[in-house]
Amino acid sequence: MPTLYEQLGGSPAVEAAVDLFYRKVLTDPRISDFFEGVDMDIQISKQKAFLTMVFGGPVAYSGQDLRRGHAHLVARGLNDSHFDAVIEHLGASLAELGVAPALIGEVAALAETTRADVLGK
Amino acid sequence: MPTLHWEGQSLAVAPGQTALDALLGAGVSIPHSCRAGACQSCLLQATAGEIPPSSQQGLKPALIAQGYLLACLCRPEADLHLTAPGPGARVPALITKLTWLSDSVLQVHLTTSESLDHRPGQYLTLLRDDGLARSYSIAGQEIELHVRRIPGGAMSNWLADVEPGTPVTLQGPAGDCFYTPGDPHQPLLLAGAGTGLAPLYGILRDALRRDHQGPIWLYHGALNESGLYLTAELEALAATYPNFQYRPTLFHRDGPLPEVLSAAHPKLAGWRGFVCGDPQIVNILKKRLFLAGMASRAISADAFLPSTLK
Ligand SMILES: Cc1cc2nc3c(=O)[nH]c(=O)nc-3n(C[C@H](O)[C@H](O)[C@H](O)COP(=O)(O)OP(=O)(O)OC[C@H]3O[C@@H](n4cnc5c(N)ncnc54)[C@H](O)[C@@H]3O)c2cc1C
Ligand code: FES
Chain Y
40 MPTLYEQLGG SPAVEAAVDL FYRKVLTDPR ISDFFEGVDM DIQISKQKAF LTMVFGGPVA
100 YSGQDLRRGH AHLVARGLND SHFDAVIEHL GASLAELGVA PALIGEVAAL AETTRADVLG
160 K
Chain Z
112 MPTLHWEGQS LAVAPGQTAL DALLGAGVSI PHSCRAGACQ SCLLQATAGE IPPSSQQGLK
172 PALIAQGYLL ACLCRPEADL HLTAPGPGAR VPALITKLTW LSDSVLQVHL TTSESLDHRP
232 GQYLTLLRDD GLARSYSIAG QEIELHVRRI PGGAMSNWLA DVEPGTPVTL QGPAGDCFYT
292 PGDPHQPLLL AGAGTGLAPL YGILRDALRR DHQGPIWLYH GALNESGLYL TAELEALAAT
352 YPNFQYRPTL FHRDGPLPEV LSAAHPKLAG WRGFVCGDPQ IVNILKKRLF LAGMASRAIS
412 ADAFLPSTLK
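Line by line, the protein sequences give chains Y and Z.
Numbering of the first sequence is given in the working numbering, commencing with residue 40 and proceeding in unit increments.
Numbering of the second sequence is given in the working numbering, commencing with residue 112 and proceeding in unit increments.
Where hints are given, some of them may not hold.
The calculated lysine-lysine pairs, modelled on BS3-like cross-linking and capped at a C-alpha distance of 27 Å, are [said to hold, decoys possible]:
#1 Z:Lys378 <-> Z:Lys398
#2 Y:Lys85 <-> Z:Lys398
#3 Y:Lys87 <-> Z:Lys208
#4 Y:Lys63 <-> Z:Lys378
#5 Z:Lys171 <-> Z:Lys378
#6 Y:Lys85 <-> Y:Lys160
#7 Y:Lys85 <-> Y:Lys63
#8 Y:Lys87 <-> Z:Lys171
#9 Y:Lys85 <-> Z:Lys208
#10 Y:Lys160 <-> Y:Lys63
#11 Y:Lys87 <-> Y:Lys63
#12 Y:Lys63 <-> Z:Lys171
#13 Y:Lys87 <-> Y:Lys160
#14 Z:Lys378 <-> Y:Lys85
#15 Y:Lys87 <-> Z:Lys421
Quick caveat, the hints were computed from the structure, so don't treat them as lab data.
So that you can see chain Y by itself, here it is in the shape it has in the complex (with noise of 0.2 Å):
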């Protein structure tokens, strides 16, 4: 049984969702401020760690990372309705793709593991 990251394709799938995910990201004015000011380059190679994972992929980090990496956010309001966003960004990013819903319903519950850590709850 091929896992999850092997059925959506590896990382030629990373990489092609990563830049319709984050150009998403980057105009949604509900979320884009969180975004300001950060380096693209840094931006996608972060997202690319966060598809990986999301996809059931090899994960170079853990729950103690993403606390870290947010708290300046959630200082600055990061919060659930924002979460929600990103999550319903990435579901359109796959669809788009033409991922299978099941599939996508898969990834959304791993990124939804995510949650608590990256909000600082």
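Got chain Y sorted already, so can you dock chain Z with the ligands onto it with the hints?
Structure of chain Z with the ligands alone, referenced to chain Y:
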């Protein structure tokens, strides 16, 4: 505490301290400028010990294989033996010609006895014999630099007064801002401000020389006329090559460069982009191209990070 070994000296490195700061703190003269991993002037070679992988970001595979690293990004976690770059990484050069292209931009030609093996658009580090180091983009097949005179600037003012025939040392080339053949019909967008034109001028002429067939747009941003240079040369190229469009963009006449670009090119999926110049404008332009649909991997950028003291 990890120990840094340098030419017989042993230095203790505080946790989180960079090798560059430890060496400078001990009075060792190490070329450096941006302190942020962008100019590669602080290149050193490790001869033994554990190299933190993050200190090799942006280095060519050949340099990584030889244990090269950037001292400003290197936070040793274990003992490390460092030495100055070997002859393979540096070449002696002579300044051959100096020409003012505008009130503030100096064109500097150099020759080396060994070939540098560069691609136009890449950058190199120019080292003065006292170790002052600054990085400059290469504007052509020959080693041609465009240096903007910065008030109070150490290297740019020295170059403005130097005589042809003065020896210097070059390190590099580095960077991936250059034309890659293989897709001769892909539309190219070249955008930059100030001496950001240097790499773009190199990339443009390289693409034309290699018979690039697709459209090539060059936007050169400046506050006003006095900020433009090489206009006659670029207009001549535009008259010769129907696929090349030259767009000098003046802030006072046309508005901000990012707005001009967005209006002229709202959709850039499938294009390749090059953006160069001051970090602020480069970051804004990169984002614009990306949001207009250009793939992130199709965007090459060089931000001209200035020198910093800390
Ligand atoms: C990859 C790369 C490529 C580069 N390519 C070019 C090029 O092709 N042409 C070119 O002219 N320059 C280029 N630069 C910038 C160049 O390396 C030097 O920083 C610049 O020439 C100034 O050096 P200087 O010794 O004259 O001034 P410095 O003595 O370094 O600077 C004097 C003071 O001015 C400040 N300063 C310098 N430049 C700026 C600036 N732009 N904005 C705000 N403050 C500033 C410094 O922080 C310092 O306080 C590039 C930089 C990098 C990293
Ligand atoms: S890369 Fe280290 S000082 Fe610029």
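The hints, checked one at a time:
Distance hint between Z:Lys378 and Z:Lys398 is fulfilled; the C-alpha atoms sit about 13 Å from each other, no more than 27 Å. A threshold of 27 Å between alpha carbons decides the hint, and for Y:Lys85 with Z:Lys398 the separation of about 16 Å falls inside it, so the pair holds. Our distance criterion of 27 Å between C-alpha atoms is broken by Y:Lys87 and Z:Lys208, whose separation comes to about 46 Å. This hinted pair checks out: Y:Lys63 and Z:Lys378 have alpha carbons roughly 15 Å apart, not beyond 27 Å.
The straight-line distance between the Cα atoms of Z:Lys171 and Z:Lys378 is roughly 33 Å, outside the 27 Å bound, and the hint therefore fails. For the hint pairing Y:Lys85 with Y:Lys160, the CA-to-CA distance comes to about 21 Å; that is within 27 Å, so the pair holds. For the given pair, Y:Lys85 sits about 15 Å from Y:Lys63 by alpha-carbon distance, which is consistent with the 27 Å threshold. For the proposed pair Y:Lys87 and Z:Lys171, the alpha carbon gap of about 22 Å is at most 27 Å, so the pair holds.
The hinted pair formed by Y:Lys85 and Z:Lys208 fails the criterion: a straight-line CA distance of about 45 Å is larger than 27 Å. Among the hinted pairs, Y:Lys160 with Y:Lys63 is consistent with the structure: their alpha-carbon atoms are about 26 Å apart, no more than 27 Å. Taking the CA atoms of Y:Lys87 and Y:Lys63, the gap is near 15 Å; set against the 27 Å cutoff, the hint holds. Note on Y:Lys63 and Z:Lys171: the hinted pairing is violated, with a Cα-Cα distance of about 33 Å set against a maximum of 27 Å.
At most 27 Å may separate the alpha-carbon atoms for a hinted pair to count; Y:Lys87 and Y:Lys160 meet this at roughly 24 Å. A threshold of 27 Å between alpha carbons decides the hint, and for Z:Lys378 with Y:Lys85 the separation of about 25 Å falls inside it, so the pair holds. A distance of roughly 31 Å separates the Cα atoms of Y:Lys87 and Z:Lys421; the hinted pair therefore is violated under the 27 Å criterion.
Checked against the numbered hints given earlier, this structure breaks hints 3, 5, 9, 12 and 15; the rest are met.
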